[in-house]
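Engineer: Sequence:
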Amino acid sequence: MSRKGVGLAAFDRSRITSAQYASHGNNLRSSHSTSLATQLSVFRSLLQQFAQTHAKDIRSNPSFRAEFARMCAAIGVDPLASSSGAGGNDGGGSFWSQLLGGSVNDFYFELAVRVVEVCGATREENGGLIGVKEVRDRIMKTRVEGSTEITDDDVLRAVDTLKPLGSSYSTLKVGHKIYIRSVPKELNTDQSAVLEAAQLLGYVSVSMLMLNLRWPRARAKTAIDDLVSEGMLWVDQQCEEWEYWSPGFLLEADG
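If you count the sequence shown from 1, position 253 lands on 253 in the numbering used here, and the numbers rise without skipping.
Rather than coming from a laboratory, the hints here were simulated on the basis of the structure. Each residue gets a CB set at the ideal place from its N, CA and C atoms; glycine is no exception. Just so you know, nobody snuck in bad clues.
Quick list of in silico lysine-lysine cross-link-like pairs, DSSO-like style, CA-CA up to 27 angstroms:
#1 Lys221 - Lys185
#2 Lys173 - Lys163
#3 Lys173 - Lys185
#4 Lys163 - Lys141
#5 Lys185 - Lys163
#6 Lys133 - Lys185
#7 Lys141 - Lys173
#8 Lys177 - Lys163
#9 Lys141 - Lys56
#10 Lys133 - Lys173
#11 Lys56 - Lys133
#12 Lys133 - Lys163
#13 Lys177 - Lys221
#14 Lys133 - Lys177
#15 Lys177 - Lys141
#16 Lys173 - Lys221
Between beta-carbon pairs, the in silico distance windows are:
#17 Lys173 - Thr142: 22 to 32 angstroms
#18 Thr142 - Lys221: 39 to 49 angstroms
#19 Gln49 - Ala121: 35 to 45 angstroms
#20 Thr38 - Lys173: 34 to 44 angstroms
#21 Glu145 - Leu213: 41 to 51 angstroms
#22 Phe64 - Asp236: 38 to 48 angstroms
#23 Lys141 - Val42: 35 to 45 angstroms
#24 Pro216 - Ser41: 51 to 61 angstroms
#25 Gln39 - Glu124: 50 to 60 angstroms
#26 Lys163 - Leu46: 21 to 31 angstroms
#27 Arg143 - Phe64: 11 to 21 angstroms
#28 Gln49 - Lys185: 38 to 48 angstroms
#29 Met140 - Arg70: 17 to 27 angstroms
Put together the whole structure using the sequences plus the hints.
Structural biologist: See the structure below:
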């Protein structure tokens with residue numbers, strides 16, 4: 001019984017079938033993308049209507065303002081970015097500039113300036129590493145009565161507006177606490193680990209790092225010395241073994 005070989009027609013049919021599948025897949029992707037774009041457009045339109053309806057609450061209520069910001073983030077809308085062309089607005093301002101009155105400088109950029117002032121005024125005390133809550137508290141103490149209350153979330157968004165300045169201003173999480181770093185130097189993994197330990201315990205020592213992190217003496221000493229040179233740790237030489245304290249911990253204890 002003879003067996004027929006596979007002819008060219010079979011290869012042609014295979015190519016046609018593959019092309020059909022590919023075309024169908026492309027059509028599905030295109031349809032899906034169009035549907036998603038339409039849904040996002042509707043969401044953005046509803047969000048803008050919501051913002052206009054509740055503008056007063058967003059201005060005056062910090063919790064409401066934070067929730068609105070999270071709603072924006074959920075659908076990829078940056079409230080601080082210009083809305084020119086995106087929503088048919090010709091003003092070129094942002095959601096915040098429309099909601100908070102005048103321009104965004106009236107709130108977040110002005111707040112960013114105050115953040116810079118606080119960071120600069122306290123740099124000698126903390127080496128350029130200050131808690132977000134401390135920044136907020138210092139700013140609130142200088143605001144006139146009746147001013148819009150600010151939150152930690154507002155401070156973090158204000159820091160985001162400083163990104164054009166490069167790495168001079170950024171946020172850093174140490175343990176469960178968020179700090180604003182106002183020095184351009186990036187912290188490496190070892191330095192971050194030492195800072196976290198100092199924040200939790202108040203201080204660290206070379207032997208403490210060697211015992212708990214299983215670091216060799218040279219590694220522990222190098223990380224500590226780098227942080228001391230940047231003013232992020234203070235040295236207590238009165239103990240049998242030198243202790244290196246977190247300025248933030250000491251300031252909080254004094255407060």
